[in-house]
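Enquirer: What follows is the residue order along each chain.
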Amino acid sequence: MKSSIRLNLTLAAALALVLSGCGSTPNEELVIGEYGSLTGNDATFGTSTKTGVEIALDELMAQHQDMIGGLKVKVVVEDDQGKPEEAATAVQKLVNQDRVIAVIGEVASSRSLAGAPICQAAGVPMITPSSTNPRVTQQGDYIFRMCFLDDFQASVVARFTALHLKLKKVAILKDVKNDYSVGLAKYFTDSFTALGGSIVAESDYSAGDQDFRGQLTAIKAKHPEAIFVPGYYTEVGLIARQSRELGIKVPLVGGDGWESAQLIGIGGSALNGCYYSNHWALDLPDPALQSFLATYKAKFHSDPDAIGGLAYDAANVLFTALQKLAEQDPDTFKGLSSTKAGSDLRKRATKKLRDLIATTTNFKGVTGTITLDENRNASKPAVVLEIKDGKKVYNTTIGPA
Amino acid sequence: MSEFLQQLVNGVTWGSVYALIALGYTMVYGILRLINFAHGDVYMLGAFFGLYAAQWIGAADHPTPVRAFVVLVAAMLGCGAVGAIIERAAYKPVRRSSRLAALITAIGVSLLLENGGILVFGPNPRFFPQIVPSSQISLGHGVSISNQQVIILVVSTGLMFALRFIVLNTRVGKAMRAVSHNHMAAALMGISVDRIITFTFVLGSMLAAAAGVLVALQNPKIDPLMGIMPGLKAFVAAVLGGIGNIPGAVLGGLVMGIAEVLVVGYLSPSYRDAIAFVLLIVILLVRPTGILGTQAAEKV
Chain A
106 MKSSIRLNLT LAAALALVLS GCGSTPNEEL VIGEYGSLTG NDATFGTSTK
156 TGVEIALDEL MAQHQDMIGG LKVKVVVEDD QGKPEEAATA VQKLVNQDRV
206 IAVIGEVASS RSLAGAPICQ AAGVPMITPS STNPRVTQQG DYIFRMCFLD
256 DFQASVVARF TALHLKLKKV AILKDVKNDY SVGLAKYFTD SFTALGGSIV
306 AESDYSAGDQ DFRGQLTAIK AKHPEAIFVP GYYTEVGLIA RQSRELGIKV
356 PLVGGDGWES AQLIGIGGSA LNGCYYSNHW ALDLPDPALQ SFLATYKAKF
406 HSDPDAIGGL AYDAANVLFT ALQKLAEQDP DTFKGLSSTK AGSDLRKRAT
456 KKLRDLIATT TNFKGVTGTI TLDENRNASK PAVVLEIKDG KKVYNTTIGP
506 A
Chain B
9 MSEFLQQLVN GVTWGSVYAL IALGYTMVYG ILRLINFAHG DVYMLGAFFG
59 LYAAQWIGAA DHPTPVRAFV VLVAAMLGCG AVGAIIERAA YKPVRRSSRL
109 AALITAIGVS LLLENGGILV FGPNPRFFPQ IVPSSQISLG HGVSISNQQV
159 IILVVSTGLM FALRFIVLNT RVGKAMRAVS HNHMAAALMG ISVDRIITFT
209 FVLGSMLAAA AGVLVALQNP KIDPLMGIMP GLKAFVAAVL GGIGNIPGAV
259 LGGLVMGIAE VLVVGYLSPS YRDAIAFVLL IVILLVRPTG ILGTQAAEKV
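Chains A and B supply the protein sequences, listed in that same order.
Going by the numbering used here, the first residue of the first sequence is number 106, and it counts up by one from there.
Going by the numbering used here, the first residue of the second sequence is number 9, and it counts up by one from there.
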């Protein structure tokens, strides 16, 4: 008898738990979603994004006790393991289960492209901090980006290679499964040939490959003066190493996919004398950047990468838009609360939020001044970093042509 | 011409790694008629054991040839033990069941090792320390080889000869050959069949571990799923050479490595993985017993 009572009680408690899980939470919150590759081949992309958002949230906590317009801000993070198909699942979950009001993510363009249509269809604003492929924001008017685009980035690398390094013959080694890499390679070819250079060899690999000697040997036979490698840091490190072992001494050049604290760890001294375009350089004396660096170092005891900086900016742009909405239209703002999930009121509120994000102008971020254009992209200059003795050193800044 | 020679050097080095893994497949098949699909994951474990051994003895910070050798031996012993455990715990209980049961068990063990690896080692790629600092040796005519490639070639050739010696010139090797012909008859001759089977797994796993460390030395990115593709390709290499046939596995591995590098260099890198399976289909159609195989091959 006794045991059956206990059983009943347990069941009742379990039922209560389940019900409370399904129903609206008593605390009214603003739930923001974030997805990224916390694990997998390019894990630092996801973890840097997460730390960037965390710091923005910390500052919000310090200034406004974690509140915007009387609602507590909560960030739900989903891991997509670096796979586009998982990215779609993660965003589905954020939108349909966690009922987020906005999504921050992703770094990799392939995974942003997987998530964007879902956010667009649900009317949830999505801000990608660092996806550079132009197609990402073309997915719809709810998709925003905090960084420059690949056509611009590729033209920066092309101009740097042709005009600063004064090289005319370049080979390309791209990741054929990656939208970002394929896009960069194409735009680079266009800009570089327009500047009078020629592409002497083009080869490709797939993310996750271990051995690039076959491609590099074929490239070496064409005697390029530089190799453009628009990939992500893991493969870039291995490619650098293997190219040096094959006796290829020319510089490798690349884009912001190289940006990771692990790049040097993998490539080692093979990367010395290589260049890549990036969103920031840590050795620039910008005050906003340096104060972010100090905060980051105090919390994580290491240097942030630009991916983290962009995520920090993305979170702040979103918080600013939320604050504006709370001030201008408190009634609509209340519609964003988690208790209003799924209602028409909520739909109207996210639409308003979208409009406010779209009007972001002259936002002073740590990665530069952000003004969103009519295509919801930020146009910012790019910096070129040189790798010298295992350190990333600022070389030059190249603005829109 | 120098490009072609360089590609051959790349292909032979890569192929000798496939050969080491393929030997494990072929030995187990020769004795048990079992395709041990977990073999590629033992190769992965070899790389991780090497990583931990290198960190343990400080081979990462102060590389010496002796330390590098200790890392290799430690990984081989670790994987040898794992091979014995896998055989005793997973395959022995189903040895008298249908062959399909054993095959499915092998796939299960493979999944267990991969996902267990993700659990224990973490899902992110790890970086194998430079236990032998790389340097480059010029062979003339613009062809060069790295000292790590030389180590791969020397160590794998050495291990293959050691295996040949064990199989052909020792009592236990004779017993292995006897068991591969007929379990029952071998048992009647006083051979402990169980022990010989375990020994075969240990031997094969040690070779896979060596391959794991050698590859990690050259391509320092290792992760718990790194064994899947090389494992499948080495299996194809074993079939190509004639499964159950030891020289065949070596030949198959080399053919595979060279074919892969030539496809990458002269056709398209996208066909890198496809070539392995094209070779498999062709060999099954044209000569199902494999290049050096004699007995009728089992199709899996």
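Don't read these hints as lab results, they were simulated from the structure.
You may find that some hints are simply not true.
Derived DEER-like restraints, expressed as beta-carbon distance ranges [said to hold, decoys possible]:
(1) 127(B) with 222(A): 32 to 38 Å
(2) 393(A) with 74(B): 50 to 56 Å
(3) 222(A) with 236(B): 52 to 58 Å
(4) 69(B) with 498(A): 24 to 30 Å
(5) 72(B) with 486(A): 35 to 41 Å
(6) 167(A) with 96(B): 32 to 38 Å
Built from N, CA and C at the ideal position, the CB exists for glycine as well.
Enquirer: For every hint, state whether the structure bears it out.
Expert: Status of the hints after comparison with the structure:
Taking 32 to 38 Å as the suggested C-beta distance range, the pair residue 127(B) and residue 222(A) conforms, at roughly 33 Å. In this structure the supplied range 50 to 56 Å holds for residue 393(A) paired with residue 74(B), their Cβ-Cβ distance being about 52 Å. A beta carbon spacing of about 30 Å between residue 222(A) and residue 236(B) contradicts the range 52 to 58 Å that was offered as a hint. The given range of 24 to 30 Å is respected by residue 69(B) and residue 498(A), whose C-beta atoms sit roughly 26 Å from each other.
Between residue 72(B) and residue 486(A) the CB atoms are about 48 Å apart, so this pair departs from the stated range of 35 to 41 Å. Hint check: residue 167(A) to residue 96(B), Cβ distance near 59 Å, so the stated range 32 to 38 Å is violated.
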